[in-house]
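Enquirer: Listed below are the residues making up each chain.
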Amino acid sequence: MTLTLGGRIQTRLVLMSSVGLLWTLAMARFFPRPAGVSLRLAYQITLGTAITMTVFGIAWEVVYHGLQQLRWDKDWPSVLGLLAGPVEAVPVWLALHALGIVPGDWGLSTPFLMLFAMHFSSTSMVVWLAGQGPLRVIQPRWRFEGGTFSRRPPSLTVPFLVTYIGMLFVLGALWLAGR
Amino acid sequence: MTDKLGAGTAQFRRITAPAAISVARAEAASARPELSRLLRCGVWDDEFLTAAGLPVYDSQIVSVGGGLGSFALVDFLRIAGLTTSAITVLSDLSAPYASFVSLARASQLGLEDRLRSDSSSRIDNIWGCPGYAVSEALAERTPAPLWRVLTEPLLSEYFTPRVRTVLTGIEREAARIGWGEMLVRSRAMVVRRRSRGGYFVLTQPLDDACAGPSVYRCRHVHLALGHSRPRLAPDLLAFRNLHPGASQAVQAYEPHEDVYRQLVSSPGTIVLRGSGITASRVLERLVHDRDALGARTEILHLFRHYVRGATGPPWFRRPGGNGFAYQPFSFPKAAAGGQLRQRTLALSGDERADLIARMGGTTTARRAGWQRQLRRGRHEGWYLAESAVVRDLRLTPSGRLRMTLARGDGSECQVDADFLLDATGFEDDLRHHALLSDLLDCGGASTSVLGGLDVEPSFEVRGTRSGAGRMYASGIASLGGALAPVDSFWGLTHAALEICDDLSDQGMCAVPGAFRSMGQWWRWVRNRQP
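So the sequence lines, in the order shown, correspond to chains A and B. Quick note: the first sequence uses my numbering, first residue 36, plus one each step. Quick note: the second sequence uses my numbering, first residue 326, plus one each step.
From the structure, some residues in chain B lie toward chain A, with a derived Cβ separation under 8 Å: (1) 640; (2) 653; (3) 662; (4) 819; (5) 842.
Covered stretches of chain A, going by a simulated chain B footprint (3 or more residues, C-beta under 8 Å): (6) 109-116; (7) 169-181.
Derived from the structure by calculation, the hints contain no laboratory data. We treat Cβ as the ideally placed atom computed from N, Cα and C, and that holds for glycine.
Construct the complete structure from the given sequences, taking the supplied hints into account.
Expert: Following this line, the structure appears as structure tokens:
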């Protein structure tokens with residue numbers, strides 16, 4: 036993949052607020068959660084994880100873009116996108132505890148670890164897969180323009196809707212989960 | 326498939342003298358005297374043509390060339406909603422891959438050999454999805470291509486598709502988009518502006534020996550003419566003029582199978598010139614013949630610029646060594662669609678030319694198999710690399726080649742060899758192509774710093790607009806524009822996208838937006854017409 040910095044950030048925002056969000060909403064109830072933990076808390080944790088992944092991801096993209104400068108081809112091999120998952124998981128896990136979204140201790144013995152790990156890894160994988168093929172079909176210009184979404188007006192419609200309506204969904208879902 | 330590939334395959338012929346740039350015009354004028362009056366005019370009127378008695382055919386857009394450049398654009402236009410009746414392809418090729426196959430064969434690539442192109446740069450699929458790796462995995466029923474494309478380039482070398490995979494895809498897509506309905510077998514001679522907007526393309530039909538020249542009247546015209554001919558170094562040209570018929574010194578893109586045959590039948594020395602991907606493939610063939618057929622060939626490899634190691638600052642450092650500059654593809658990947666493309670787009674003139682030259686140039690891929698072969702050759706003494714150029718080339722009385730080499734350190738030496746194989750690429754001077762030369766003289770076109778046509782980022786040829794009509798150029802003729810790797814599958818597809826966008830702004834076709842794109846992709850998957 037040959038992404039510009041702007042393309043990296045746009046791609047992450049669009050994919051996380053579409054594929055990542057839908058995956059979270061659809062699958063949160065199926066991930067293993069500790070006994071006695073409500074579905075509402077599970078949704079709070081998984082949606083909180085998705086949003087933190089997105090926000091922290093912007094910073095990660097800046098780091099990846101810097102590393103990309105050391106490559107002659109100035110590209111980002113697909114396998115690196117896949118391997119980035121475990122690296123990005125640790126700060127998100129710590130941040131979720133710091134923000135109080137995941138209750139209790141942040142160590143490996145916490146009962147929420149499996150829920151987090153399943154959600155984080157599967158979401159990362161689904162988002163990565165979407166970038167490997169489906170995104171090229173929906174937005175043919177995406178790969179020609181460094182991962183940015185086209186400057187041409189007709190093509191802006193879909194990413195606009197996905198990004199902003201997706202974000203509204205997140206806020207709405209969080210509000211419902213928190214009631 | 327093999328039989329079909331054989332038919333209509335273009336082949337570069339042996340070059341003995343500089344091509345006459347006005348051959349086509351002279352031929353046309355001599356065949357029909359009234360044409361000479363027309364050819365003196367830079368802008369044509371419908372009435373001129375009627376008076377000249379030339380048959381005139383109409384088409385919304387004409388693509389001249391009929392190779393992969395035309396194919397990429399026509400594929401895009403068909404997907405963008407144009408019907409076959411709106412498009413005409415003028416070509417002397419019977420299939421869009423004919424020139425490509427010819428070049429592949431000349432550079433020692435068989436159907437099962439691999440190209441220097443990545444998985445997603447599909448010439449037959451505007452989305453690059455699925456990539457060639459997926460197609461190859463399905464066709465060969467093996468996960469190996471998938472593993473390779475997943476782990477490239479960290480755990481394995483870049484996946485590159487087989488020639489067969491590419492040709493199969495083009496053949497399928499050509500049938501799907503109705504290529505045969507749009508193709509007119511003819512030789513385009515000149516393109517002239519029409520006084521009421523649009524263009525005329527003067528052509529000589531090829532399938533009817535009795536037919537005279539005819540004219541295509543169109544609103545837009547697209548030029549994708551490919552390389553004009555292999556580059557012939559002055560010493561090689563002088564040698565041929567001195568010894569007509571001597572076959573000891575050949576260009577790698579000319580037919581030269583005899584060279585390999587003779588080296589297998591009797592031991593000999595070959596001097597190879599060039600450090601690009603074709604030179605690498607020639608070396609692979611020579612070493613293969615040593616290993617598999619028992620040839621005892623000794624190879625002297627001449628480098629004009631001997632690269633001893635990686636070059637450039639840490640943030641722009643190209644690997645190199647043993648004479649070669651290495652990069653997986655002809656340009657860094659980001660020159661196609663990433664940050665280097667954005668830089669090329671932002672620059673202009675000399676700065677852009679300088680960046681393109683630094684990213685491109687003569688390079689080859691660092692493949693483990695080739696490295697092993699040459700390491701063995703150096704160790705066993707049958708492969709020698711020198712930083713030198715040929716100063717003088719002649720035949721000895723015994724029929725061998727004698728050449729004087731000027732080494733990089735300033736010294737000179739004489740070398741006798743059985744063959745000289747020149748793998749220094751193509752002649753890309755627009756003046757060697759009759760139609761493009763005419764365009765520079767009469768059509769308002771000019772050249773870029775790198776010698777290609779001066780084109781806009783939309784690939785419109787600057788200075789050639791005719792009313793509402795626009796002229797576009799893609800492929801090697803657009804070298805020096807806002808896209809660096811123009812002469813590649815990616816470059817041809819990318820150019821097609823930009824041209825299609827520009828045409829959609831003129832209301833000619835629909836921009837393939839998200840929903841149309843998904844629908845068209847599904848039709849591609851099911852092999853249904855666009």
